[in-house]
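Given two chains presented individually in distinct reference frames, assemble the corresponding complex, making use of the accompanying hints.
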Amino acid sequence: MANFLIVDDSRTSRKILKGILEGAGFTVVGEATNGQEAYDKYVELQPDVVTMDITMPVLDGIGGLKKIKEAFPESKVVMVTAAGQKNKMLEAVQNGADEFIPKPFDAEQLVETLKKVMGA
Amino acid sequence: MFGIYFGKYLQDKEVITAEQYQELLEEIKSTRLRLGLLAVVNEMMTEAQAEEVNQLQQVQDRRFGDIAVDKGYLTEEQVSSLLKMQGDQYLLFVQALIDHGYLTLEGVQKELKGYKRDERLSALDLDAIKSGDLDNIAPVFMKESSIPPLIKDYIALTARNILRFIDPALRMGQTKRINSYVAPYMASQEMEGEFNVFVGLSGEKEAVLEAASIFGREEFREVDEDSLDAVSEFINCNNGLYASKQSEEDIQLELLPPIMYTREMKIQTDGPMYVIPFYISDHKLEMVICLEARWQINE
Numbered sequence: 001m002a003n004f005l006i007v008d009d010s011r012t013s014r015k016i017l018k019g020i021l022e023g024a025g026f027t028v029v030g031e032a033t034n035g036q037e038a039y040d041k042y043v044e045l046q047p048d049v050v051t052m053d054i055t056m057p058v059l060d061g062i063g064g065l066k067k068i069k070e071a072f073p074e075s076k077v078v079m080v081t082a083a084g085q086k087n088k089m090l091e092a093v094q095n096g097a098d099e100f101i102p103k104p105f106d107a108e109q110l111v112e113t114l115k116k117v118m119g120a
Numbered sequence: 121m122f123g124i125y126f127g128k129y130l131q132d133k134e135v136i137t138a139e140q141y142q143e144l145l146e147e148i149k150s151t152r153l154r155l156g157l158l159a160v161v162n163e164m165m166t167e168a169q170a171e172e173v174n175q176l177q178q179v180q181d182r183r184f185g186d187i188a189v190d191k192g193y194l195t196e197e198q199v200s201s202l203l204k205m206q207g208d209q210y211l212l213f214v215q216a217l218i219d220h221g222y223l224t225l226e227g228v229q230k231e232l233k234g235y236k237r238d239e240r241l242s243a244l245d246l247d248a249i250k251s252g253d254l255d256n257i258a259p260v261f262m263k264e265s266s267i268p269p270l271i272k273d274y275i276a277l278t279a280r281n282i283l284r285f286i287d288p289a290l291r292m293g294q295t296k297r298i299n300s301y302v303a304p305y306m307a308s309q310e311m312e313g314e315f316n317v318f319v320g321l322s323g324e325k326e327a328v329l330e331a332a333s334i335f336g337r338e339e340f341r342e343v344d345e346d347s348l349d350a351v352s353e354f355i356n357c358n359n360g361l362y363a364s365k366q367s368e369e370d371i372q373l374e375l376l377p378p379i380m381y382t383r384e385m386k387i388q389t390d391g392p393m394y395v396i397p398f399y400i401s402d403h404k405l406e407m408v409i410c411l412e413a414r415w416q417i418n419e
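Going line by line, the protein sequences match chains U and S. Residues in the first sequence are numbered consecutively from 1, following the numbering used here. Residues in the second sequence are numbered consecutively from 121, following the numbering used here.
Just chain S, same shape as in the assembly (with noise of 0.2 Å):
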């Protein structure tokens, strides 16, 4: 992950290239095994055992790791040495810059330097960046100060289920607050009961496209009810997540149906809401949040 973040920099201060920085992906993508498959592989874990987890993985909003330990299959010293086998991202990274002849090792050292610098990166962030953790990723790109802790859950929960079922490259924007937002065409929906959410989702046509094929497991070509429809069931599974991780607490909410924009449409509100970007191949997928505040909506 750590590649993905200071990958996007270099090709963008044109060290590498745009097919340096795919190739690069790419080759990271390829070494990093699943820790399922690593359990299974070092008979950790029965295949089935695996297939179960991936299984629960899909409707719980939890790592690999940490259910496995909680249906005994693996124990937590297991989990750190797959972990450990799985590859530190960073250094994977930097030896293929240096291996592809892309960067000496002074090279990347000078960059990461300019990075922190031109992305004003403290030195936790950067670490968070290294450790390639999507959970301690998604604060630093989380500091506007206003945010609620209840939408920084929703947004750390909507990267980790894009990187699941989308993207997993997935690569996150700063999360900047708004009182409005246009759109040329939106998947939305509503959840309400004892606070009330508006979720959106739009962006480049290329990352709608690609977020509506995957996800509904058909190329779409056009952004249309069909595509937006495949986009507002991922935003409807998040939303159940969501939900679901809510009611542990006692905290009821209720999904209204989606809603898809196939045409411009404005939202605006009295109060804070949120817009963040997801980087799907390189497309710009952004979300859209509201928390209790009055929105209204334009066509």
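Just chain U, same shape as in the assembly (with noise of 0.2 Å):
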């Protein structure tokens, strides 16, 4: 099954997505608090697909999807947005984020959304 890197700065978001991944049988192989944890942990674990957030300090997920994709091009990168933001939304996209799962999580839209990125 596939393995997840989940990025947020916020721990109760990592512990939510981490408890619907890993109900869905995924295996959560690392967690990264911001963009630049992000892309060092890409680097040492090569997961198969990353959640990132996009507000977080340091470096923020528009940042850290850039550095990953820039060295990994075929990494799959998902971006968490609480609601949409449409001018970040489009820079993610600009920048080859796979897709996106908006905040509050729903567990059965979020499996189902990261099963058709595993599948693309």
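Read the hints as simulated data drawn from the structure, not as lab findings. Do not rely on the hints blindly, as some may be mistaken.
Each computed EDC-like pair below joins lysine to aspartate or glutamate, with the alpha-carbon atoms no more than 16 Å apart [claimed, not checked]:
1) K86/U with E374/S
2) K365/S with D181/S
3) K86/U with E314/S
Being a predicted model, the structure only gives us computed values, none of them experimental.
What follows is the structure in structure tokens.
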């Protein structure tokens, strides 16, 4: 089953998302709290999919997405957004985001979206 | 929802006890069916359709009925008939008071007059609370004349989201204008863009822990970084919905990373700031909101 890297500065968000992913049979191989840490962990762990929150300190999700995609064009990065913010979503698409997951999380919709990304 | 406000008044006046108030609330909660469930049971929607609309409600600040009509799953007439099936909350509460023997009908009418007088409610305010519709109720608690429309919208949105995600028996208190606020702890987030906003949540320990535990899906016993993180995440989702609505009007707002204050902090401004009490399980959560004024935070 697929390996995931969860990136979010919120411990609550990471915990909820991890619970949903593991409940669906996926493996969470690592967690990061900002975009820079996300890139470092990606290099180390080479996950199948990254879930990336947008609003984070140090380096935000867009920054983390750019770094990972530049170094690993084949990577799959799903952006996590607190409701639809058009400008951020557009920026993410322009930088290669594979999909979007809204917060608050809906477990069924989330798993469906991730399976679509893995199948793509 | 009427019972939440009038019942609390009756409890404060010792007409009913705290236990009786809670019992009445539980009874009302259990008799009030969700619109989606009613629609499915009455074969107006499929379960899949109801679930889809419930999911959309999570990310759109809109009513179930409005989304269902837009998707073509229900007509306006069907929504009206479903709302009627849900029941008149005012009448249900009055009936419960009488059925339990707490008050006679005459007693209810007398207490209602007292409630209107003591809470300084107009006839329209009372009708709004009787309607059970939070969109009508929220303005009753924003009487402060200086509150700008943007903040009124934000307060109403927050009330809807607390109701939806934390406590369906939410009770609002009156919004007050302040220049400074001291809190033993706070979860907060700023938004910047076309205008700048500071939002913070603090309050009684029980309220903060309940909000954190319900939204964070784990039991928190202490107000610390972890429980404040859960409250911050609620603020983040709330702000996301607010920013999303603003972006529909081409107003761009960027959410900054939330900040948690685990020790006493003070926020003061040179402009208007507002504090709004939200009562969850009768414990006070306070939201502080500051718009476009320079604010300063000291720990």
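Verification of the supplied hints:
1. K86/U with E374/S: holds (11 Å)
2. K365/S with D181/S: OK: K365/S and D181/S at ~8 Å, within 16 Å.
3. K86/U with E314/S: Given that 16 Å is the threshold and the Cα spacing comes to 15 Å, the pair holds.
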